[in-house]
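> Residue numbering for the sequence shown follows UniProt numbering, beginning at 1 and increasing consecutively.
If you're looking for bench data, these hints aren't it; they were derived computationally from the structure. All residues carry an ideal CB built from backbone N, CA and C; glycine is no exception. Wrong hints could be hidden among the right ones.
Stated by the list, open to error - Label-pair restraints from in silico Cβ distances:
(1) Leu230 to Lys414: 29 to 39 Å
(2) Tyr645 to Lys159: 54 to 64 Å
(3) Arg269 to Trp653: 13 to 23 Å
(4) Ile571 to Tyr686: 45 to 55 Å
As the list claims (entries may be wrong) - With a Cα cut of at most 20 Å, we get these calculated PhoX-like pairs of lysine-lysine:
(5) Lys293 to Lys121
(6) Lys672 to Lys655
(7) Lys162 to Lys568
(8) Lys444 to Lys231
(9) Lys610 to Lys572
(10) Lys243 to Lys74
(11) Lys403 to Lys369
(12) Lys468 to Lys447
(13) Lys162 to Lys596
(14) Lys447 to Lys207
(15) Lys159 to Lys565
(16) Lys610 to Lys590
(17) Lys62 to Lys5
(18) Lys632 to Lys655
(19) Lys204 to Lys529
(20) Lys205 to Lys444
(21) Lys5 to Lys243
(22) Lys447 to Lys231
(23) Lys201 to Lys447
(24) Lys161 to Lys412
(25) Lys117 to Lys293
(26) Lys293 to Lys21
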Amino acid sequence: MAKGKNLVIVESPSKAKTIEKYLGRNYKVVASLGHIRDLPKSQMGVDIENNYQPKYISIRGKGDVIKGLKKEAKKADHVYLAADPDREGEAIAWHLSHILDLNPEDHNRVVFNEITKDTVKNAFKEPRSIDMNLVDAQQARRILDRLVGYSISPILWKKVKKGLSAGRVQSIALKLILDRERAIKAFVPQEYWTIETEFKKSTKKFKANFYGVNNKKQALPDNEAVQGILKQIDRQADFDITKVTRRERKRFPAAPFTTSSLQQEANRRLNFRTRKTMMIAQQLYEGINLGGKEGTVGLITYMRTDSTRISSGAKHEASQFIHDQYGEAYAAVKIRKTKNPEGAQDAHEAIRPSSVLRTPDSLKEILTKDQLKLYSLIWSRFVASEMTPAVMDTMSVTVMQNKLTFRATGSKTKFAGFTKIYVQSGDESKDSELPDLNEGDTVKLSKTDPAQHFTQPPARYTEASLVKALEENGVGRPSTYAPTIDTIQRRYYVRLNGKSFEPTELGEIVDELIEDFFPDIVNVDFTAKLEDELDEIEEGDQKWVQVVDQYYQPFSKEVAQAEDKIEKIQIKDEPAGFDCDICGAPMVIKMGRYGKFYACSRFPDCRNTKAITKEIGVVCPKCHEGQVLERKSKKNRIFYGCSRYPDCDFVSWDKPVGRDCPKCGHFLVDKKVKGGHQVLCPNGDYEEQLQK
Numbered sequence: 001m002a003k004g005k006n007l008v009i010v011e012s013p014s015k016a017k018t019i020e021k022y023l024g025r026n027y028k029v030v031a032s033l034g035h036i037r038d039l040p041k042s043q044m045g046v047d048i049e050n051n052y053q054p055k056y057i058s059i060r061g062k063g064d065v066i067k068g069l070k071k072e073a074k075k076a077d078h079v080y081l082a083a084d085p086d087r088e089g090e091a092i093a094w095h096l097s098h099i100l101d102l103n104p105e106d107h108n109r110v111v112f113n114e115i116t117k118d119t120v121k122n123a124f125k126e127p128r129s130i131d132m133n134l135v136d137a138q139q140a141r142r143i144l145d146r147l148v149g150y151s152i153s154p155i156l157w158k159k160v161k162k163g164l165s166a167g168r169v170q171s172i173a174l175k176l177i178l179d180r181e182r183a184i185k186a187f188v189p190q191e192y193w194t195i196e197t198e199f200k201k202s203t204k205k206f207k208a209n210f211y212g213v214n215n216k217k218q219a220l221p222d223n224e225a226v227q228g229i230l231k232q233i234d235r236q237a238d239f240d241i242t243k244v245t246r247r248e249r250k251r252f253p254a255a256p257f258t259t260s261s262l263q264q265e266a267n268r269r270l271n272f273r274t275r276k277t278m279m280i281a282q283q284l285y286e287g288i289n290l291g292g293k294e295g296t297v298g299l300i301t302y303m304r305t306d307s308t309r310i311s312s313g314a315k316h317e318a319s320q321f322i323h324d325q326y327g328e329a330y331a332a333v334k335i336r337k338t339k340n341p342e343g344a345q346d347a348h349e350a351i352r353p354s355s356v357l358r359t360p361d362s363l364k365e366i367l368t369k370d371q372l373k374l375y376s377l378i379w380s381r382f383v384a385s386e387m388t389p390a391v392m393d394t395m396s397v398t399v400m401q402n403k404l405t406f407r408a409t410g411s412k413t414k415f416a417g418f419t420k421i422y423v424q425s426g427d428e429s430k431d432s433e434l435p436d437l438n439e440g441d442t443v444k445l446s447k448t449d450p451a452q453h454f455t456q457p458p459a460r461y462t463e464a465s466l467v468k469a470l471e472e473n474g475v476g477r478p479s480t481y482a483p484t485i486d487t488i489q490r491r492y493y494v495r496l497n498g499k500s501f502e503p504t505e506l507g508e509i510v511d512e513l514i515e516d517f518f519p520d521i522v523n524v525d526f527t528a529k530l531e532d533e534l535d536e537i538e539e540g541d542q543k544w545v546q547v548v549d550q551y552y553q554p555f556s557k558e559v560a561q562a563e564d565k566i567e568k569i570q571i572k573d574e575p576a577g578f579d580c581d582i583c584g585a586p587m588v589i590k591m592g593r594y595g596k597f598y599a600c601s602r603f604p605d606c607r608n609t610k611a612i613t614k615e616i617g618v619v620c621p622k623c624h625e626g627q628v629l630e631r632k633s634k635k636n637r638i639f640y641g642c643s644r645y646p647d648c649d650f651v652s653w654d655k656p657v658g659r660d661c662p663k664c665g666h667f668l669v670d671k672k673v674k675g676g677h678q679v680l681c682p683n684g685d686y687e688e689q690l691q692k
């Protein structure tokens with residue numbers, strides 16, 4: 001590199017290509033491939049006696065990368081550090097300055113919230129020094145997590161089994177799942193009844209529900225109460241319309257996405273796992289090659305944020321777009337102020353498209369299927385947030401006879417507003433228009449439909465609801481949710497049953513130990529307070545050493561007590577009910593890293609193991625000899641394979657039903673779909689009625 005050129009260091013190669021194109025030939029942009037220094041894996045790496053000083057080392061395998069960066073830095077006229085605009089990015093820049101012998105106080109740090117030509121060029125006009133408050137906040141988190149993890153994990157290895165771990169945020173996530181499971185088990189269903197009725201005015205029918213007696217609400221606890229009400233109804237006589245209320249109701253759009261709300265909505269609407277959402281969002285942020293004059297462009301703003309704030313420029317562009325595409329009536333007139341979640345750092349804008357003019361339709365031929373799905377979600381949510389409210393005409397009606405009170409409600413969309421392009425999952429509602437009714441009208445009863453119900457236990461956590469719970473409790477930050485959820489599954493503390501988390505026996509054991517001996521670790525308020533203190537370090541209002549010390553001192557005493565008091569826990573093997581086909585000894589069910597499996601009771605003398613499988617009563621549709629077995633992948637996902645594997649390699653994520661498609665002859669499968677199960681052909685030629 002000729003003298004006079006500038007070196008720019010970012011984390012990823014794709015980001016490097018995008019930025020180099022914008023900056024021109026006087027700049028060379030290279031990637032550090034993420035972190036280049038970290039605490040060692042083989043030891044604690046924190047000098048507790050010396051103000052918790054970290055012992056950073058170069059990450060194994062990064063030698064050639066570091067050598068290359070040093071070589072390029074020596075030739076450069078100026079070195080710019082352009083890692084991501086958050087605590088972790090600031091820490092990466094700081095580590096780079098140390099490795100490359102740069103002065104952190106020099107103006108060599110460049111940050112931008114979106115990777116577009118103007119934004120990147122403007123950012124390089126205003127470089128700043130490395131923000132040590134941000135670095136210290138990240139250091140405090142990393143050191144605390146290391147102190148907790150490397151103190152508790154060895155105890156779990158010694159007392160329970162090898163390969164286990166514990167951490168601040170993952171222990172809270174596990175506790176939330178277990179607390180919900182205990183609530184489900186303790187739940188006692190309560191019986192209740194409803195009476196749905198159908199009334200008729202001339203030829204028009206509408207539905208209403210029993211409300212009570214004399215306009216006072218009355219519960220229906222059992223069938224006896226229902227029969228008592230039905231006996232009072234005179235089916236031949238008219239019912240009176242005693243009250244009609246008409247209102248105009250406005251529905252306002254949701255704010256643009258934060259990291260948390262994006263993860264939740266992508267999980268609910270697209271069925272994306274949290275990790276997948278963040279991986280695709282990273283691709284959209286770092287840049288996609290659009291071809292032609294535009295080339296590679298970052299399509300969305302930075303995807304790790306807890307703010308719903310939007311820049312004035314983006315608001316103006318969105319307003320103009322809405323005026324042009326949908327008309328003046330759809331563009332919000334007043335600037336709508338969105339409220340950030342409590343404790344939000346508000347360091348970056350909300351997640352939005354870098355240009356609203358890049359519509360999802362214009363990118364259909366460029367993006368992958370999953371990229372397009374996520375981009376469409378982000379784009380439509382942002383545009384909707386800048387649109388006018390939806391206006392609904394609502395109507396509520398009270399119907400009475402013999403003091404018995406029935407109520408009906410209806411609604412009709414008067415003006416679509418933002419719902420023209422986006423409706424948040426869970427808010428979908430179909431119009432249920434009532435006939436033109438007025439006070440004093442009479443109607444006839446068509447039918448009554450009493451129904452028995454039981455109260456339902458709280459639902460198990462899904463990825464979406466777990467992220468929401470962590471955020472509401474102030475535990476973790478946007479960047480921590482995906483790795484936390486990934487860790488508790490990899491450790492087999494929880495497993496996914498469908499889309500819901502259920503704890504394993506191992507998870508229950510670990511949680512009980514941590515609750516008994518490290519109560520602060522699973523104290524939601526305590527952990528949330530620590531997150532606030534990390535924010536205060538970032539603001540310069542706290543010193544990181546003091547925060548770490550006040551947390552570690554009581555914790556270290558708990559560690560010492562736990563070493564002495566925790567008894568070794570034996571996870572007993574269950575008898576499998578059959579003998580080893582190698583040595584004849586009884587087989588047992590053992591707990592492994594990926595769940596339970598069959599193993600010989602003479603282990604390690606006999607190392608025979610088998611996966612736990614279940615026949616589903618269907619002959620293999622490929623070889624027509626073996627039985628289809630229900631199996632589990634290493635990630636605990638159920639799939640179906642042939643019992644003759646590896647001689648037959650049949651595999652399917654969906655359950656075969658033992659019948660062939662009447663149109664194309666392909667085997668039919670039972671697929672989970674929204675609202676139930678459906679038997680269909682994977683080729684898309686045939687499907688049967690939905691089974692709820």
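> Take the hints in turn and mark each one as holding or not.
Hints versus structure:
Between Leu230 and Lys414 the CB atoms are about 37 Å apart, so this pair conforms to the stated range of 29 to 39 Å. Take Tyr645 and Lys159: their Cβ atoms lie about 38 Å apart, and the range 54 to 64 Å is violated. A C-beta distance of roughly 20 Å is found between Arg269 and Trp653, which places it inside the suggested range of 13 to 23 Å. For Ile571 paired with Tyr686, a C-beta distance near 47 Å keeps the hint of 45 to 55 Å intact.
Using a Cα cut-off of 20 Å, the hinted pair Lys293 and Lys121 holds, with the two alpha carbons roughly 17 Å apart. Restraint check for Lys672 and Lys655: satisfied, since their Cα atoms lie roughly 9 Å apart, inside the 20 Å limit. For the given pair, Lys162 sits about 12 Å from Lys568 by alpha-carbon distance, which is consistent with the 20 Å threshold. Restraint check for Lys444 and Lys231: satisfied, since their Cα atoms lie roughly 17 Å apart, inside the 20 Å limit.
Note on Lys610 and Lys572: the hinted pairing holds, with a Cα-Cα distance of about 18 Å set against a maximum of 20 Å. Among the hinted pairs, Lys243 with Lys74 is inconsistent with the structure: their alpha-carbon atoms are about 83 Å apart, more than 20 Å. Taking the CA atoms of Lys403 and Lys369, the gap is about 58 Å. The hint is violated against a cut of 20 Å. Pair hint Lys468 plus Lys447 does not hold up; C-alpha atoms about 43 Å apart against a cutoff of 20 Å.
A distance of roughly 15 Å separates the Cα atoms of Lys162 and Lys596; the hinted pair therefore holds under the 20 Å criterion. A threshold of 20 Å between alpha carbons decides the hint, and for Lys447 with Lys207 the separation of about 10 Å falls inside it, so the pair holds. Proposed proximity of Lys159 and Lys565 is supported: the alpha carbons are some 10 Å apart, at most 20 Å. At roughly 10 Å between alpha-carbon atoms, Lys610 and Lys590 fall within 20 Å of each other, so this suggested pair holds.
As the CA atoms of Lys62 and Lys5 are separated by approximately 25 Å, the hinted pair breaks the 20 Å bound. Restraint check: the Cα-Cα separation between Lys632 and Lys655 comes to about 13 Å, which is no more than 20 Å; the hinted pair holds. Between Lys204 and Lys529 the CA atoms are separated by roughly 59 Å; this puts the pair beyond 20 Å, and the hint is violated. Among the hinted pairs, Lys205 with Lys444 is consistent with the structure: their alpha-carbon atoms are about 9 Å apart, no more than 20 Å.
Distance hint between Lys5 and Lys243 is unfulfilled; the C-alpha atoms sit about 79 Å from each other, more than 20 Å. This hinted pair checks out: Lys447 and Lys231 have alpha carbons roughly 14 Å apart, not beyond 20 Å. Of the pairs offered as hints, the one joining Lys201 and Lys447 holds, with about 13 Å between alpha carbons and a cut-off of 20 Å not exceeded. Note on Lys161 and Lys412: the hinted pairing is violated, with a Cα-Cα distance of about 60 Å set against a maximum of 20 Å.
For a cut-off of 20 Å, the pair hint linking Lys117 to Lys293 stands: about 12 Å separates their Cα positions. As the CA atoms of Lys293 and Lys21 are separated by approximately 12 Å, the hinted pair is consistent with the 20 Å bound.
The structure shown violates the earlier hints numbered 2, 10, 11, 12, 17, 19, 21, 24.
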